[in-house]
Amino acid sequence: MTLNDALKEYCLRIADNSSILAHRLSEWSGHGPILEEDIAMSNMALDLIGQARGFYSYAATLEGKGRTEDDLAFRRDTREFVSRNLVEQPDNKDFGTAMLRSFLYSCLSYLQFRALMNSKDETISGLSAKAIKEVTYHVRHCGDWVVRLGDGTEESHRRISNSVEDLWMYTSELFEQNEVDALLVKEGVAVDLNTLKQDWLNLVDEIFAQAKLTKPAEGGYQSSGGINGMHTEHLGYILAEMQFLPRAYPDAIW
Amino acid sequence: MSDNNHQWPIWEVFIQPKNGSAHEHAGSVHAPDGEMALLNARDVYGRRLEGVNMWVVPATAIVASTPEDVGPFFDPANDKMYRWPNYFKTPEGIKQIS
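These protein sequences, in sequence, are chains A and B. In terms of the working numbering, the first sequence opens at residue 1 and continues consecutively. In terms of the working numbering, the second sequence opens at residue 1001 and continues consecutively.
Since the hints were made in silico from the structure, they are not lab data. Among the hints, erroneous ones may be present.
Said to hold, decoys possible - Sample of chain B residues at the chain A side, in silico, Cβ under 7 Å: (1) E1024; (2) V1029; (3) H1030; (4) L1038; (5) N1040; (6) V1044.
Here a beta-carbon is modelled for each residue, glycine too, at the ideal position from N, C-alpha and C.
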């Protein structure tokens, strides 16, 4: 694998994560619990789409085969997507699950972008410097809701505790790496996710403590394989919805 | 948020456009407390480089004059032109009043 191939793959990962999580958040547009939260969720979705565009564009440039950011977002199938399985998980219209999913992912995204601001690749460091401000807010907004729901009423505590049980099995996978990371970390372009794990746990523990939530016991089932194209059944449905228009109307512009 | 009241209190949002300038009223948001009012205000009014600082104030904390007050509050200055600075002649030799 060349450095160029690895860098393209790395950008696709970030872009896929942002794009899929943005889709999940955008499903709430018009369905937020109150108007202000509806706007907040749409704002976060738009932030993520912006991040995805930046990294898809760079991946397309690195690939150099004339594909565009739209081709990468809308003309790849599930096995080609290298997003983490956490971001594709459905929330079944449970607001707490949606907030927890974004919180768990944003904590890692925040730490990763913070480290990537020092990447030796100038495009990566530039895109990361822009994204970190947005993601810092996502951590705050979603973390705030996790605390409110966890330390809220009996019902809200019970429901978000269930969300923790449902989503925790997708957290180990956030830190999975392969030869792409090995190569890029050595070159000072990427960050070794193992070095972020304790910081991630600290961020999560701090919010969980305030929220009176407990993490599931270690040793339970953990999902695996997103970065190698292995996904849960949900990604296919997301792509079907996301990709319908550009596939059915290849000449459509927006 | 109780079961029979799903409407959160209103907070008025004030944004300071730049350092040193006065906060200006931007609009209002719903929120159960100050922290969420601030987050909501950021999402509704603070996404387009509007300013450098933000206040949220419970709408109930604002004491407002009534429409009937408009006469006694604002009218008496009509015949007192000396309350405006441009009523006074500028002394000769002064190029600029800052």
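Hint-by-hint comparison with the structure:
1. E1024: 20 Å, violated
2. V1029: 5 Å, holds
3. H1030: Constraint on H1030 of chain B satisfied, holds at 6 Å.
4. L1038: 10 Å, violated
5. N1040: Holds, because the Cβ-Cβ distance from N1040 of chain B to chain A comes to roughly 4 Å (cut-off 7 Å).
6. V1044: It holds, given that the least Cβ distance between V1044 of chain B and chain A is near 6 Å, below 7 Å.
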